[in-house]
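Construct the complete structure from the given sequences, taking the supplied hints into account.
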Amino acid sequence: MKKILFLLFFVISGLMIADDHKRMPADMQNKMWMVKLKMDLAELKGPPSLAELKTKRENRLVDLDLLIDSGKYKGNALERLTSMRNRVLETNLPSQDQINQRHDRRLRMMKSKMRSRVKMMDRKFRDPRRERDMLERERREMRKQRNKNRNKD
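According to the working numbering, the sequence shown is numbered sequentially starting from 1.
Zero decoy hints are in this set.
Below 20 Å or equal to it, Euclidean Cα-Cα: the simulated EDC-like pairs (lysine to aspartate or glutamate) are:
1. K38 with E52
2. K56 with E90
3. K113 with E43
4. K113 with D27
5. K45 with D104
6. K36 with D104
7. K56 with D97
8. K54 with E90
9. K54 with D97
10. K148 with E136
11. K38 with D27
12. K144 with D133
13. K74 with D63
14. K111 with D40
15. K111 with E43
16. K152 with E141
17. K45 with D97
18. K113 with D127
19. K113 with D40
20. K31 with E43
21. K54 with D65
22. K38 with D104
23. K148 with E138
Computed Cβ-Cβ distance ranges for the label pairs, DEER-style:
24. N149 with H103: 53 to 59 Å
25. N100 with R80: 31 to 37 Å
26. E141 with S95: 49 to 55 Å
27. R102 with R80: 22 to 28 Å
28. K72 with M32: 38 to 44 Å
29. K144 with A26: 31 to 37 Å
30. R117 with L41: 14 to 20 Å
Worth flagging that the hints you see were computed from the coordinates, not collected in a lab. Even glycine gets a Cβ: it sits at the ideal position worked out from N, Cα and C.
Below is the structure:
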């Protein structure tokens, strides 16, 4: 009876593992879903306006001033904070055309990254030459490791 249960356990677990390799891991699906949501939000919202960038910059300056005036930071940390504040002050705000171009570029990059991840997860789009090269590399590394272990003795 125990042998039958033991055999049944292995058969069922083997079937579950064999079926599971086709699906994407749950954490990868969640990450891809979050990236897709982020991309859709960016498309729907559109590029930020120049006024929004100005308010972000002002808020950043206020935060840095608050940190500098808090008295918590001394020496190198204080110098780093003041240099960060100076950098924020010295940077010029981009024009709305530049903002739009950056936004479009980011969207294109996000879309291409999503497409490549989906292709990478789908077996029919995988390049067999790459898989063969990876297997050969693993074999070479294993031979190298075996040779090292043999030479140690």
